[in-house]
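Undergrad: Sequences and hints are given; from them, build the entire structure.
One-letter residues, chain by chain:
Number of protein chains: 2
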Amino acid sequence: MATDLDENTITAEAFCRLENTPDPRLHEIMKALTKHLHELARELKLTEDEWMKGIQFLTAAGHMSTGSRQELILLSDTLGLSQLVVAQSHSRPKEVSEQTVLGPFHVEGAPQLPSHGAEIARGSVGDPLLVSARVVDADGKPVADAVVDVWHAGADGFYDVQDPAWKLDESRLRGVFHTDEDGRFSYWTILPLYYPIPTDGPVGEMIRATKRHPYRPAHIHYRITHAGFDPLVTHIFVDGDEYLDSDCVFGVRSSCIGHYPKHEAGTAAPDGSKQPKAFYTNDSTFVLEREHAANAAE
Amino acid sequence: MATDLDENTITAEAFCRLENTPDPRLHEIMKALTKHLHELARELKLTEDEWMKGIQFLTAAGHMSTGSRQELILLSDTLGLSQLVVAQSHSRPKEVSEQTVLGPFHVEGAPQLPSHGAEIARGSVGDPLLVSARVVDADGKPVADAVVDVWHAGADGFYDVQDPAWKLDESRLRGVFHTDEDGRFSYWTILPLYYPIPTDGPVGEMIRATKRHPYRPAHIHYRITHAGFDPLVTHIFVDGDEYLDSDCVFGVRSSCIGHYPKHEAGTAAPDGSKQPKAFYTNDSTFVLEREHAANAAE
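So the sequence lines, in the order shown, correspond to chains A and B.
Just so you know, the first sequence maps onto residues 1 to 298 in the numbering used here.
Just so you know, the second sequence maps onto residues 1 to 298 in the numbering used here.
Just so you know, the hints here were simulated from the structure itself, not pulled from any lab data.
Wrong hints could be hidden among the right ones.
With a straight-line Cα cutoff of 25 angstroms, these simulated PhoX-like cross-link-like pairs (lysine-lysine) come out [to be verified]:
1) B/53 with A/53
2) B/211 with B/53
3) B/31 with A/211
4) B/262 with B/277
5) A/35 with B/45
6) A/94 with B/45
7) A/45 with B/94
8) B/45 with B/35
9) A/35 with B/53
10) A/53 with A/274
11) A/35 with A/53
12) A/45 with B/35
13) B/31 with A/45
Far from chain B by the CB rule (all over 10 angstroms, computed), these chain A residues [claimed, not checked]:
14) 132
15) 242
16) 292
For every residue, glycine included, the Cβ atom is placed at its ideal position computed from N, Cα and C.
TA: Next up, the structure:
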């Protein structure tokens, strides 16, 4: 009889209910989820009030999540879950670029831009930065026509999507490039600064209640895809940032810390443009990993 | 250096970030949550696609939750978490009524009704049922002026709040009673039947993907409160129901199975009313537990 279940006997009964799950992986996931949820509640002797606060917290996080703001990803990021999953999903050779978290601010369908010459700050105020990058394979050969999504926060710490008036076709600090025949792309933007994750939602409450700092070290997000290669989701962090050692979402890989040297006003060497004020440059190389035969065959 | 964290080293670093939490209970909860989330992801070797499906599932559950529909409670109920928390929160003496899950369909502010004589079906079609109940303390003494929330599904399996046109002041199968001087209240309604939990949301997807049945045995919900007593949240199930042994939310306590005898048309003995068709009765006694001195002092 599956009645009168107590806090211990209920777990075996919950497993029984999952026994007819046709997909073995789903069965495994549901069983492990049930086991850990139950163990968590028992270990804590979770009370009904605490349970209700948890329900309300997750509900509020769901309500806050829209096409351009994902509070549940932010929650996963700040609990270290996102980076854990990224880390265990990419045991890639050392010669290819390391992955880090996607974060909550990527959007699909950002404006398509030319491989070279675009300016993505579009009025966002900050120190000019010229990024010159190359996408290659593990043998160092250029990957032409790779699709490169770029997005980063402004000097005020906000991504464009955090502005209530944001529209996809008026994106700032965001764009999609295609690498040229030599695997290269470049663009002007502004130097990103460290910034706090958004703290106006339930994750912000958690950050305050646990007296953590909410900062991420300055970085630019990249997602680089090309048929035949494993998609690369990564950042290029700004070296010297004071939060490199305590990123609120645990995402810093030392191999992803980039050099952003400062230059006096004048002619910018990489593209010959005249710069009326001091500017920064960053040269980065992204190394893609070929899809494994097993993956490619799927 | 808290950079280059892998799927194993990230857990200790996540614990470090929680170390300044001022509230010791919150610290304990956050640490245990982090530990189990990380263990779950490692044990499963959760992939990025699976993680994203989880994010989307919780987001959809949040979006579906409103003032009158709580998909995250339904998720907790169907995973056995709710009943586990209820069970470990009430290690009450045998002589007092057992608790079970609140469920996702309770609403605050339902219509106030007289202690006796109300009819709460309000047009919902089914077999008439007269409930006559008494609220007492552990010594069997009546508890007058207890506030009794009642809610149950119709014969179609739906709660009133599941009707998009539902308004609080036009509630059906729902109401708030105050016990009389002898601790009694009574009302006419219709006999509830077993019903499926709502399967039009992400929890329904889970139920289908795991090939579980979605049914709950027939029951009436009660929440009974009175100053000086521990609030009682329980059901009175209908004996003989085929799903008593496999309640989709694990909520059946054998002490909460009630007798609902059928009577031929005629005069209803308890209130002397003339009944033109066969009807059912249920006599229930609810035994409240006095608040412990420790709780009362809070």
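Undergrad: Give a verdict on every hint.
TA: Hints, one by one, checked against the model:
Between residue 53 of chain B and residue 53 of chain A, the direct Cα distance comes to roughly 24 angstroms. Compliance with the 25 angstroms bound is thereby established for this hinted pair. With a CA separation close to 19 angstroms, the supplied pair residue 211 of chain B and residue 53 of chain B stays within the 25 angstroms bound. Restraint check for residue 31 of chain B and residue 211 of chain A: satisfied, since their Cα atoms lie roughly 14 angstroms apart, inside the 25 angstroms limit. At roughly 11 angstroms between alpha-carbon atoms, residue 262 of chain B and residue 277 of chain B fall within 25 angstroms of each other, so this suggested pair holds.
For a cut-off of 25 angstroms, the pair hint linking residue 35 of chain A to residue 45 of chain B stands: about 16 angstroms separates their Cα positions. The suggested pairing of residue 94 of chain A with residue 45 of chain B holds, with an alpha-carbon distance near 21 angstroms, which does not exceed 25 angstroms. The hinted pair formed by residue 45 of chain A and residue 94 of chain B meets the criterion: a straight-line CA distance of about 21 angstroms does not exceed 25 angstroms. A distance of roughly 15 angstroms separates the Cα atoms of residue 45 of chain B and residue 35 of chain B; the hinted pair therefore holds under the 25 angstroms criterion.
Simply put, residue 35 of chain A and residue 53 of chain B have alpha-carbon atoms about 19 angstroms apart, close enough for the 25 angstroms limit, and the pair holds. Straight-line distance between C-alpha atoms of residue 53 of chain A and residue 274 of chain A comes to about 57 angstroms, which puts the hinted pair past the 25 angstroms bound. Proximity of residue 35 of chain A to residue 53 of chain A is assessed by CA-CA distance (about 21 angstroms); at most 25 angstroms being required, the pair is judged to hold. For the hint linking residue 45 of chain A to residue 35 of chain B, the alpha-carbon distance of about 16 angstroms falls within 25 angstroms, and the restraint holds.
The suggested pairing of residue 31 of chain B with residue 45 of chain A holds, with an alpha-carbon distance near 14 angstroms, which does not exceed 25 angstroms. Every Cβ of chain B is farther than 10 angstroms from the Cβ of residue 132 of chain A; the closest lies at roughly 25 angstroms, confirming the non-interface assignment. With a minimum CB-CB distance of about 13 angstroms to chain B, residue 242 of chain A clears the 10 angstroms threshold, and the non-interface call stands. Against chain B, the non-interface label of residue 292 of chain A holds: every CB pair exceeds 10 angstroms, the least being about 14 angstroms.
Hint 10 from the earlier list is the only one contradicted by this structure; the remaining hints agree with it.
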